[in-house]
Amino acid sequence: MSIAPQTSFLYHIEEKSGEKVSLCYQCNKCSSGCPVTFAMDFPPHVLLRMVQLGLKEKVLGSLTPWVCASCETCTTRCPNGIDIARVMDTLRQMARVAPAGAEDIPKFHEAFLNSIKARGRVYEVGMLLEYMFKTDVWAKIKSREIIKETKLGWEMFRRGKMRLFPHTIRGLEDIKKIFEHKGK
Amino acid sequence: MKVSYYPGCSLLGTAREYDESNRAVCGALGIELEELEGWNCCGATSAHSTDDYLALALPARNLVIADGKGLDLIVPCSACFLRLKASEKKLLEMPLADFPYRGSLKVKHLLNFLAEDENIQKIQERVKKPLAGLKVACYYGCLIVRPPKVTGATEPEDPKEMDRLMAALGAEVIEWSFKTECCGGSLVLARPDIATKLVERILKMAKEAGAEALVSCCPMCQSNLETCQGESSHRTPVFYFTELLGLALGLSGVKGWLKRHLIDPRQPLREKGLI
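Protein chains in written order, with this note's numbering: chain S, 1 to 184; chain Y, 1 to 275.
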């Protein structure tokens with residue numbers, strides 16, 4: 001198969017992330033140090049090459065940015081100074097839909113941010129419940145995963161690790177304003 | 001000495017024992033922690049995965065509150081620490097009108113702060129119960145060191161602050177190569193299979209190196225390292241470094257903190273007559 005490189009996608013990613021992806025010369029250092037390549041469809045250096053070639057749909061449909069743990073090892077070790085974890089952020093922000101195997105990840109982020117928006121801080125119990133109801137609860141019941149999770153919740157509760165009542169910060173209007181500016 | 005303190009959301013719930021031990025230890029060292037009034041969540045991975053403005057502005061609000069006080073800002077959670085540092089770096093390069101930050105302070109991780117020469121000396125002078133014979137693996141995780149351009153870590157691949165602190169308490173600090181390997185904390189809810197695999201690797205390395213327990217400086221790592229061990233009977237305890245500080249300093253709250261752990265960490269301490 002021959003590929004005609006499309007530079008517009010590369011330039012768009014470079015502009016949005018502020019990172020020079022074109023500097024990548026495929027040394028493989030990022031992928032060698034990455035702890036989650038086993039769960040990725042393309043290791044980080046391959047994904048960067050795909051960005052260089054302008055394979056937009058494949059890149060934005062890839063599992064790789066979603067299962068990236070944001071551990072920053074790649075960014076720390078890149079000999080060309082590319083903040084690869086930052087590029088992964090940009091790709092996550094651009095890909096509207098997470099592929100199979102990563103569906104729950106944006107649901108978690110949504111529940112987490114909703115909690116901040118509502119009270120200024122993450123209220124763990126509320127956030128966990130919202131997240132749970134965003135995911136496929138029925139599948140969890142069928143696989144009995146729900147029993148394990150309930151048990152863990154109980155173990156935490158009886159050790160005083162679950163705060164029953166949420167706290168709302170003073171100055172919540174600042175947080176509302178920040179969320180109104182989102183995307184700017 | 002007085003400093004500003006930004007506990008972060010986990011320390012109000014799942015990591016309560018970390019907050020309790022931080023306050024007790026600093027109190028015993030004569031360090032006054034002044035909690036930042038009206039602090040908000042740093043946004044964590046969810047903000048920087050979703051929107052650049054959220055990732056910049058949520059920590060920025062806290063920086064501006066702290067800026068007015070002019071006291072260094074001490075952060076016990078590595079995830080919060082990195083988000084605050086990353087936002088600070090950007091604000092100093094390109095000021096944000098909504099959050100005018102002058103940079104009158106230093107943002108420091110609690111571990112690095114307590115490992116400063118002056119504080120380590122104070123700690124050494126106050127040790128009442130040396131942790132002799134306790135074999136610990138110091139686990140730093142990712143975000144206290146990486147990326148070094150933001151965190152300011154001088155040895156991001158082999159940090160030594162916790163090693164020095166634990167050695168000052170008399171513990172036996174083992175050498176191992178997984179000090180800064182990722183535990184997968186940000187994926188623990190949505191992809192627990194990945195987090196479990198990463199935790200298993202870390203624990204296997206720690207055991208092979210001869211550690212009886214891990215020591216952590218982050219509420220995300222600590223909770224992940226405990227929950228991902230499941231129900232097995234050979235579980236490895238994971239202490240917060242301030243709990244061991246409290247124990248060595250002879251503080252009374254220690255038993256209460258240790259009772260909150262999902263994996264009871266008291267066995268190795270009993271064997272050595274430390275509790």
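Keep in mind the hints are simulated off the structure, nothing from the lab. There may be inaccurate statements among the hints.
[Stated by the list, open to error] With a straight-line Cα cutoff of 16 Å, these simulated EDC-like cross-link-like pairs (lysine to aspartate or glutamate) come out:
hint, chain 1, residue 1, chain 2, residue 2
1, Y, K207, Y, E172
2, S, K177, Y, E231
3, S, K151, Y, E231
4, S, K117, S, D174
5, Y, K259, S, D136
The structure displayed is predicted, hence computed values, not measured ones.
Evaluated hints:
1. Y:K207 - Y:E172: Holds. Y:K207 to Y:E172 sits at ~14 Å (cutoff 16 Å).
2. S:K177 - Y:E231: 44 Å, violated
3. S:K151 - Y:E231: Satisfied, since the Cα-Cα distance of roughly 11 Å is no more than 16 Å.
4. S:K117 - S:D174: Holds, because 10 Å separates the two Cα atoms, which is no more than 16 Å.
5. Y:K259 - S:D136: 34 Å, violated
The structure does not agree with the numbered hints 2, 5 stated previously, though it agrees with the rest.
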